[in-house]
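**Student:** So the sequence lines, in the order shown, correspond to chains A and B.
In terms of the working numbering, the first sequence has 398 at position 238, counting the first letter as 1, and numbering is strictly consecutive.
In terms of the working numbering, the second sequence has 407 at position 247, counting the first letter as 1, and numbering is strictly consecutive.
Just so you know, these hints were derived from the structure itself, not from any lab.
All of these numbers come straight from a predicted model, not from anything done at the bench.
You may find that some hints are simply not true.
[What the hints assert, rightly or not] In silico DSS-like cross-links for lysine-lysine, where the CA-CA straight-line distance does not exceed 25 Å:
1. B/416 - A/285
2. A/225 - A/272
3. B/229 - B/168
4. A/285 - B/285
5. B/168 - A/416
[What the hints assert, rightly or not] Coverage of chain B stretches by chain A, computed from C-beta distances (three or more under 8 Å per stretch; other residues unrestricted):
6. 252-263
7. 412-426
Built from N, CA and C at the ideal position, the CB exists for glycine as well.
Protein chains: 2
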Amino acid sequence: MVHGPNMKLSIVLSTQPAQFQAATFKGDLETNLASIASLGYEGVELAIRDPKLVNLDHLDELVCKYNLKVPAIGTGQAWGEEGLSFTDPDPTVRRAALERIKSHIPVAVRFKSIIIIGLIRGIVKPGVSAEQAMNWLIDALRECSEAARPYGIQLALEPINRYETTLINNVAQGLELIEHVGADNFGLLLDTFHMNVEEQVIEDSVRLCGQHIFHFHVADSNRWYPGAGHLNFRAILETLSSIGYQGWVSGEFLPKPDAETAAQKSIAYLHQICSD
Amino acid sequence: MVHGPNMKLSIVLSTQPAQFQAATFKGDLETNLASIASLGYEGVELAIRDPKLVNLDHLDELVCKYNLKVPAIGTGQAWGEEGLSFTDPDPTVRRAALERIKSHIPVAVRFKSIIIIGLIRGIVKPGVSAEQAMNWLIDALRECSEAARPYGIQLALEPINRYETTLINNVAQGLELIEHVGADNFGLLLDTFHMNVEEQVIEDSVRLCGQHIFHFHVADSNRWYPGAGHLNFRAILETLSSIGYQGWVSGEFLPKPDAETAAQKSIAYLHQICSD
Chain A
161 MVHGPNMKLS
171 IVLSTQPAQF
181 QAATFKGDLE
191 TNLASIASLG
201 YEGVELAIRD
211 PKLVNLDHLD
221 ELVCKYNLKV
231 PAIGTGQAWG
241 EEGLSFTDPD
251 PTVRRAALER
261 IKSHIPVAVR
271 FKSIIIIGLI
281 RGIVKPGVSA
291 EQAMNWLIDA
301 LRECSEAARP
311 YGIQLALEPI
321 NRYETTLINN
331 VAQGLELIEH
341 VGADNFGLLL
351 DTFHMNVEEQ
361 VIEDSVRLCG
371 QHIFHFHVAD
381 SNRWYPGAGH
391 LNFRAILETL
401 SSIGYQGWVS
411 GEFLPKPDAE
421 TAAQKSIAYL
431 HQICSD
Chain B
161 MVHGPNMKLS
171 IVLSTQPAQF
181 QAATFKGDLE
191 TNLASIASLG
201 YEGVELAIRD
211 PKLVNLDHLD
221 ELVCKYNLKV
231 PAIGTGQAWG
241 EEGLSFTDPD
251 PTVRRAALER
261 IKSHIPVAVR
271 FKSIIIIGLI
281 RGIVKPGVSA
291 EQAMNWLIDA
301 LRECSEAARP
311 YGIQLALEPI
321 NRYETTLINN
331 VAQGLELIEH
341 VGADNFGLLL
351 DTFHMNVEEQ
361 VIEDSVRLCG
371 QHIFHFHVAD
381 SNRWYPGAGH
391 LNFRAILETL
401 SSIGYQGWVS
411 GEFLPKPDAE
421 TAAQKSIAYL
431 HQICSD
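Throw the hints in and build the complete structure from the sequences for me.
**Tutor:** Okay, here's the thing in C-alpha cells:
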C-alpha cells in the first residue's frame, strides 16, 4: 500500500494568464477552484507571477470557501513572462528576482505554503561562467532562506531537465547545492517528469534525497497526467512513503486532453494505487 | 533471448567537428574507427554535415581497413551548423536543405547506408503555420524519396522529443507522415532516448511502427550509454526482435564519462542482454 489515506493530493493552478504549458488549470479562478475541490483534491498549488497582482483576501476567501489548502506557491512565471532570474548578468535583474521571491513570503505565511524555486533560478547565460552563475544562485538562496526562516517558511528548489535549464538538473546537484546554501529551511522539490529524464533510477534518487524532499510533483513520462505514460508510480510513491515523506503530492502536468479530464484521471489513478 | 548473435551493433561517429553533443565519437577519424572496431562494433554510423567536405575514397578505405559497415548516415549537422531545413520560410534555405540531402545519395549508395532525416526537417518557425511547415516537409520528403528510390536507398525520419523540434515527436505522428509521403523507401528511425519522453509505452510503439522501422538508435533515459539509466532494454530489444526487425541497433549517446568508456559499456551491456 502506498501512503494510504494520508497521501495529500493537490494540483497546480495558475492565478494569472501565463505561457507555461504544464500548469494544468488556467483561467477563471473560482470556476477552477470549484472544479479542483469537486474532483476530490485537498489542495491547490498556486502559480503566482507577482503577489502584487493577486487580491490575497479574495483568494483566501475562495480557497476557504472550497476548503482547499495551498501547499506550495510556484514562482516560475516571473522568469517565463518577465525574464527575472537569480543568475542574470544584470545585477538589477538579479535583485528584482530576489525581491520578487521575498515578496512571496507574506503569501506563504498566509497560506502556510512552501515557496518553489523553479525556473526563476535562471540559466547560465552567455558570457557568464558556470561558477559565477552558481555563486549568484547560492547567494540568492541564502538571502531568501534567511528572510523566510523567521516566519517558518521553507523554500524548495526543483531540479529541472537539461532542456529547460543548465543549472541544477538532478538530485545529486540539488543535494550539493543544499550543502552550499546551508539553510535548514531550504530543500528540494522533486518532479517525476524531470526525474524520468535526469535520474539514473528514480526510486534511488528519492531515497538519496530523503528528508530534503520538501515537495513532490507528479506528471507521467510524457508530462501528461499520471497513468498516461510509462512511469511506475506505484514504485515511486511507495519509495516516497517508505522514507517517511509527509508532504504533498502535487499534480503538475499538461492540460491534455483537457484540464478537467487530466485532473480527474490523475486523482482516480493515484487513489487506485493507494487503495490496492 | 533478444536478437541473439544477429543483433548488428553500430555507433555514431562524427566525420567533422560539430556541436551536437550526442555523437559519441568526434575527432581523428582513423583513431576513432580503430577504437570502434576494436571494441567489437560491426558498424559505424557516420554523421556527415556535407558530403563535399568528406574524402569518400579515404573514408571507404578506412572503413574497409577496419572491416566496418556503415548502416546509416546522419545529416543533422547541416541544421545545427548551417541552419538548413525543409521547413524554413526562406525557399532558398529549403532548396539548399533538399539538395544537401540529395547529395548524400551517392554516399549512401557507396556504403549501402540509410539516410537519416533528423533535425534537418526543421521546426515550425515564427510566422509559419504548422500546416504550412508540414506541407513543406511532406513535399521535401517526397522529392528526396523519389530521388533515392532508383538507387535502392531508404530514408528514415527520426521522431525527436518536443524540446528539440516541433515537427514529428512520436511514432503516431511519424506513421501519419509516412502515409502522406507515400513512398515505400521512406520510413522511421526510432531512438530510445526520445521514445522515453514521447511514447506512452515504448514497446507498444515499437510494435505499432513494425515494418516501418528502418533504423534504431539506443541511448538510455539520461542519454548516457544503455545500462546507465532506467530503460528496460531487454523488453525493448525483445519487442524489436519479435516484430522481425533485421536492421541495425546503433548507439547514439553522450560521450560520458568519455567516448571510449561509453562505447565499451554499451556493447558489453547489449551483448549481455543478448546472451542471457
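**Student:** List, from low to high, the hint numbers that the structure doesn't satisfy.
**Tutor:** 5, 6, 7
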